[in-house]
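Participant: All chains, please: the whole structure from these sequences, using the hints.
These protein sequence lines are chains A and B, in that order.
Under this note's numbering, the first residue of the first sequence is numbered 1, with each subsequent residue one higher.
Under this note's numbering, the first residue of the second sequence is numbered 1001, with each subsequent residue one higher.
Don't read these hints as lab results, they were simulated from the structure.
Mixed in with the good hints, there may be bad ones.
Capping the alpha-carbon separation at 30 Å, the derived lysine-lysine pairs in DSBU-like fashion look like this [to be verified]:
#: 1; chain 1: A; residue 1: K191; chain 2: B; residue 2: K1096
#: 2; chain 1: B; residue 1: K1052; chain 2: B; residue 2: K1077
#: 3; chain 1: A; residue 1: K155; chain 2: A; residue 2: K95
#: 4; chain 1: B; residue 1: K1077; chain 2: A; residue 2: K30
#: 5; chain 1: B; residue 1: K1149; chain 2: A; residue 2: K54
#: 6; chain 1: B; residue 1: K1052; chain 2: B; residue 2: K1096
#: 7; chain 1: A; residue 1: K107; chain 2: B; residue 2: K1052
#: 8; chain 1: B; residue 1: K1052; chain 2: A; residue 2: K40
#: 9; chain 1: A; residue 1: K40; chain 2: B; residue 2: K1096
#: 10; chain 1: A; residue 1: K191; chain 2: A; residue 2: K30
#: 11; chain 1: A; residue 1: K163; chain 2: B; residue 2: K1200
#: 12; chain 1: A; residue 1: K163; chain 2: A; residue 2: K54
#: 13; chain 1: B; residue 1: K1194; chain 2: A; residue 2: K46
These numbers were taken from a predicted model, which means no experiment stands behind them.
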Amino acid sequence: MKLSYLWMLVIAMGLSFSVTAQDELSLERKQAVDSLALEKVRDLSKYISIIGSKETDAVEYRRVSARAEELFMSGSEIGVSSLLKSEIKYFTVGKYFERLNRLSYSKVEIEWYNIEYMSDLQKQPDGTYVGVITIFQKFKGYDAEGRLVYQDTTKKDITVYVKRKETQIGGRLIGFWDVLLGDMRVKETSK
Amino acid sequence: MKLLIKNAPKIMMFILAAIIITSSTTSCKSKKKLAREKAAAEYTMKVDQAKKDLTAMLNSTTSWSLDQQDERLNVIKSYNIDDKDVVDLISKVESKLSMDRAETERLAEEERLRQIEEEKLKVAASKYQKIDDQLNSIATAQNVDIANKKINLILQQFDTPDIPVLIIISNAGGFNDYDRPTTISRFLNYLKDKQSYQYKVDLVKRDGLGKITELELIKN
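Facilitator: Right, dumping it as structure tokens:
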């Protein structure tokens, strides 16, 4: 093999090592990334509460639903279940928020709790970290007289994708962790 | 016999004088002997005490301060004790005290620098405290209308609503990991939605007019 090709190979290996070194996570950094992904799911829970609330006006609804949609990968779907029906329906993220905002109850309360990793973020061959976070959702719907007319508790799994990306900010290269949520699948529904 | 009796007083005087001279000579000798013995005992005590003190200083089993140890060492040296062990101990203690003093000075310098650094951080922290308080006030606003008013007020400090906001999620090993960059307008509304402020302002960049052009926060 020509010497010049050998040098090119050595340089390429050295460069790939330095990039890889930045991507290799220490325990502390991994914990920060885990925490970041969990926080995005908590952000979603807050957005869902706001979107579902009858006190949210149209302007705020549009702003919040746009922010909430940005949390998801394109094409992601959210599952919807009911104690009154056995079928679980899946909607695109935008459609789900529209339906949530237009529910016929006079008052809606949505609370997420026990937001935890079901499977930890694992690095894939392409460098993306993938994991699954489980949430429990308590839904309550009230009529105009303030009576509780419907409630259920749903367990859902959300696939989470985390990838390291770079962007230019103020003339400098910034490395950041891009967290995107995937499908939200219903696992069980109970009273 | 008559001669003896005639000279008895003289003889008596002579005998008495002899007794006096002898006894004073004897007591003089005893005193000197006593004095010598006393001096020897005192010297032995000095040597023993010196060894004891020097050993304690060498093994750091004394509660004396460095200055007190220096003082004691100088006193022992002034005795000019010609004892091999003491001379050896003095040398070792001198060396040890010199190292101890250097270490004390190093630690004092470290502490001084640490305090300077701490003071700098305090000043930096208080420099951005006002902004932290303003951001926190949005998160803790009683309702959406009040939060929106605060947002509009705070935005006046910024060059545009789209100036970048960077959030550090980790700075392990001196390497910053960031969340997805956002804008100040989006971030302020995020605080309104989230109703929680869990950050600390880490860096503020301003233009010539004093308007903020970049904001960096660190997540708690």
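Participant: If a hint holds in the structure, say so; if it doesn't, say that too.
Facilitator: Going through the hints against the structure:
Between K191 of chain A and K1096 of chain B the CA atoms are separated by roughly 77 Å; this puts the pair beyond 30 Å, and the hint is violated. Between K1052 of chain B and K1077 of chain B the CA atoms are separated by roughly 14 Å; this keeps the pair inside 30 Å, and the hint holds. Restraint check for K155 of chain A and K95 of chain A: satisfied, since their Cα atoms lie roughly 20 Å apart, inside the 30 Å limit. Of the supplied pair hints, the one linking K1077 of chain B and K30 of chain A is violated, its CA atoms being roughly 62 Å apart against a limit of 30 Å.
For the hint pairing K1149 of chain B with K54 of chain A, the CA-to-CA distance comes to about 22 Å; that is within 30 Å, so the pair holds. Taking the CA atoms of K1052 of chain B and K1096 of chain B, the gap is near 16 Å; set against the 30 Å cutoff, the hint holds. About 87 Å separates the Cα atoms of K107 of chain A and K1052 of chain B, which puts this hinted pair outside 30 Å; it is violated. Straight-line distance between C-alpha atoms of K1052 of chain B and K40 of chain A comes to about 69 Å, which puts the hinted pair past the 30 Å bound.
For the hint pairing K40 of chain A with K1096 of chain B, the CA-to-CA distance comes to about 59 Å; that exceeds 30 Å, so the pair is violated. This hinted pair does not check out: K191 of chain A and K30 of chain A have alpha carbons roughly 37 Å apart, beyond 30 Å. Under the criterion of a C-alpha separation no larger than 30 Å, the hint pairing K163 of chain A with K1200 of chain B is consistent with the structure, at around 25 Å. Restraint check for K163 of chain A and K54 of chain A: the C-alpha separation of about 36 Å exceeds 30 Å, so the hint is violated.
For a cut-off of 30 Å, the pair hint linking K1194 of chain B to K46 of chain A stands: about 7 Å separates their Cα positions.
In summary, the numbered hints that this structure violates are 1, 4, 7, 8, 9, 10 and 12.
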